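All chains should be modelled from the sequences, with the hints used to inform the complete structure.
Each chain, written out:
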Amino acid sequence: MPSPQNQHHIPYPLGLHGPTGDAVIGFDLVSKRYEGDHQALTDVSFSVEAGEMAFVTGHSGAGKSTLLKLLAMIERPTNGVVTLDGRKLNTVRPAEIPKIRRKLGMVFQDHRLLLDRSVFANVELPLIIAGVSPADRGRRVRAALEKVGLLSYEKQLPEALSTGEQQRVGIARAIVAKPAVLIADEPTGNLDPQLAMEIMGLFAEFQAVGTAVLVASHDLMLIKRMKKRVVVLDHGKLVADVPAMEVV
Amino acid sequence: MNAVREPRRAPEPEKTRRSEPRKVGAWREHHAWSMSISLRRLGARPLGTLLTVAVMGVALALPLTFYLLLGNVQRMGDALGRNQSISAFMKPGQNAGMAETAASALRGRPEVADIVVRTPKDGLDELAEVQGFSGALQSLDANPLPYVLSVQPKPGLSAEDIGRLVDSMKATPGVDMVQDTGAWRQRLDALLGVGTRAVSLLALLLGIAALLVVGNTIRVDIQSRSAEIGVLLLIGASRPFVRRPYLYAGIWLGFLAGVLAVALAVVLELALAGPVGRLAAAYDGSVSFGGLPAWLLLSVPFASAVLGWLGARLVSARQIRRAAAA
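Read top to bottom, the protein sequences are chains P and S.
Number 183 in the working numbering belongs to position 183 of the first sequence; there are no gaps in the numbering.
Just so we're on the same page, the working numbering is the position in the second sequence counted from 1, plus 1000.
Incorrect hints may appear among the rest.
[Said to hold, decoys possible] Selected chain S positions facing chain P (Cβ under 10 Å, derived; list incomplete):
no., residue
1, His1030
2, Ala1044
3, Val1117
4, Arg1118
5, Lys1121
6, Ile1235
7, Arg1239
[As the list claims (entries may be wrong)] With a cut-off of at most 30 Å between alpha-carbon atoms, the simulated BS3-like pairs for lysine-lysine come out as follows:
no., chain 1, residue 1, chain 2, residue 2
8, P, Lys99, S, Lys1091
9, S, Lys1023, P, Lys88
10, P, Lys103, S, Lys1154
[Said to hold, decoys possible] Using C-beta positions, here's what the derived DEER-type ranges look like:
no., chain 1, residue 1, chain 2, residue 2, range
11, S, Trp1027, P, Arg142, 21 to 27 Å
12, P, Arg93, S, Leu1192, 53 to 59 Å
13, S, Arg1318, P, Gln156, 32 to 38 Å
These are calculated hints, taken from the structure and not from any lab test.
Predicted model, so just to flag it, every value in this text is computed and none were measured.
Even for Gly, the Cβ is constructed at its ideal location relative to N, Cα and C.
This is the structure we're talking about:
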């Protein structure tokens, strides 16, 4: 397992390797400078293909969350090109952002569930937004809840669930519309190791059916156990990109 | 020989480019969801909803009530004004033939409904009926009263028409003096004009107040749901999608307030019907109570719904932008 200080494996020269033709997620020489002169990312380049799962790790302030915010179009890059499913996000007009976001499933550390709606209603939201008919919605929500093991909780309010269960509701909401890409920002931050592994197991299942999964996490133990590709950031720079088979 | 591995493809996401029937279906689903979620939200805070509807309803009932009162004053004026005639006093020494000639000349005018020629004897008899006059009249050597033409104008004449008729009566040969006993009606019409304008302005002001009440309710609702709005935008909702339930909430609030305003107006109408009925009886039944027209009662809830929608529209875009930025 590499550390930010140990730049022992960089599979391609930084800045020269842009997203490939099959890449679902692409960062090409991406930099992000916030107001107040804070440089969050500097010339970051890597890509994630369909059916690939990758961790983005690094210390606090390394730029992990900024990376995901660029993908979710919460922020725009100062330089470079971010691509999602072949679409350059730099040139997306504000009115097109919702359509692009529907290609993404997002899982947050704090779940961001609507506490006054039932588990079913929370998971149903992306399908309502996509204009899916009520009959299809019911079928697909139940399938997603079954996938995360919460079918019997569909009528409960999120507050009645444990933290781990709430996180699984968040995952069901992220995957219910069959997104091309699943991104997660510290999804296991509030969970015990066993629950964290269960959640990661779910992500690995989505990867297995062709979804590109990008998880920001600083939990090195968990990353080691998952044996997936690891992208390491340090002070906004990509310092290592370790293929799954080399993670030890 | 190595087997060629089929590259794995990402699962097909929800289509972003939709066919027309699917677009219509999605549009219908969005509106159905927005309608139901807005109703559920209003139902989830019944006291707040009730208060907003009550404030709006009372505000809208006020101009309706004034409109009802004005309409009835107008009807009363019309009923009483029907019997008001204009009197032309002939010059002293004019005989019956001259009075009849003057009456014939005036009968040809379009403003005139009827003319009655009252002789000096008719006048003297009327005076004699007035208590205390009979003794004084017996002491007269001759009848000093002139012929009088009692002209009944056609109903619905304007003040200008009446003025023209009075002028023509004054200009009729043999006429000494004209007395317009219907002048009070002109003053009443002028007062009703002022009242109508005041009610219109009041309705406008109270309409704006109702709009602001809805706007403020929606603004507070959006503020309290800023976290939810943030989540919806992150998972792919467009701003119009996020905004739509709030617009529907404005429509429901406006519609319910309109229904309440109509109910209040009808209650007031029923409360006024009794006293006005008794007043009508005092005028030999020539005055009757008139309620609010059905078209008005039916249109108020819908007009109020439009008002609610406008109020919600006024604040929602800006508030959602703020919530999204937060």
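Right, here's what the structure says about each hint:
1. His1030: 6 Å, holds
2. Ala1044: Holds, about 7 Å.
3. Val1117: Violated. Min distance 83 Å.
4. Arg1118: At 83 Å from the nearest chain P Cβ, S:Arg1118 fails the 10 Å test, so the hint is violated.
5. Lys1121: 91 Å, violated
6. Ile1235: With a minimum Cβ separation of about 5 Å from chain P (threshold 10 Å), the hint on S:Ile1235 holds.
7. Arg1239: 8 Å, holds
8. P:Lys99 - S:Lys1091: Judged against 30 Å, a Cα distance of about 93 Å means the pair is violated.
9. S:Lys1023 - P:Lys88: Measuring from Cα to Cα gives roughly 25 Å; hence the hint holds.
10. P:Lys103 - S:Lys1154: 78 Å, violated
11. S:Trp1027 - P:Arg142: 21 to 27 Å: Holds, since S:Trp1027 and P:Arg142 (Cβ atoms, about 25 Å apart) stay within the stated range.
12. P:Arg93 - S:Leu1192: 53 to 59 Å: 58 Å, holds
13. S:Arg1318 - P:Gln156: 32 to 38 Å: Once the Cβ atoms are compared, 35 Å apart, the range 32 to 38 Å for P:Gln156 and S:Arg1318 holds.
Of the hints listed earlier, those the structure fails to meet are numbers 3, 4, 5, 8, 10, in rising order.
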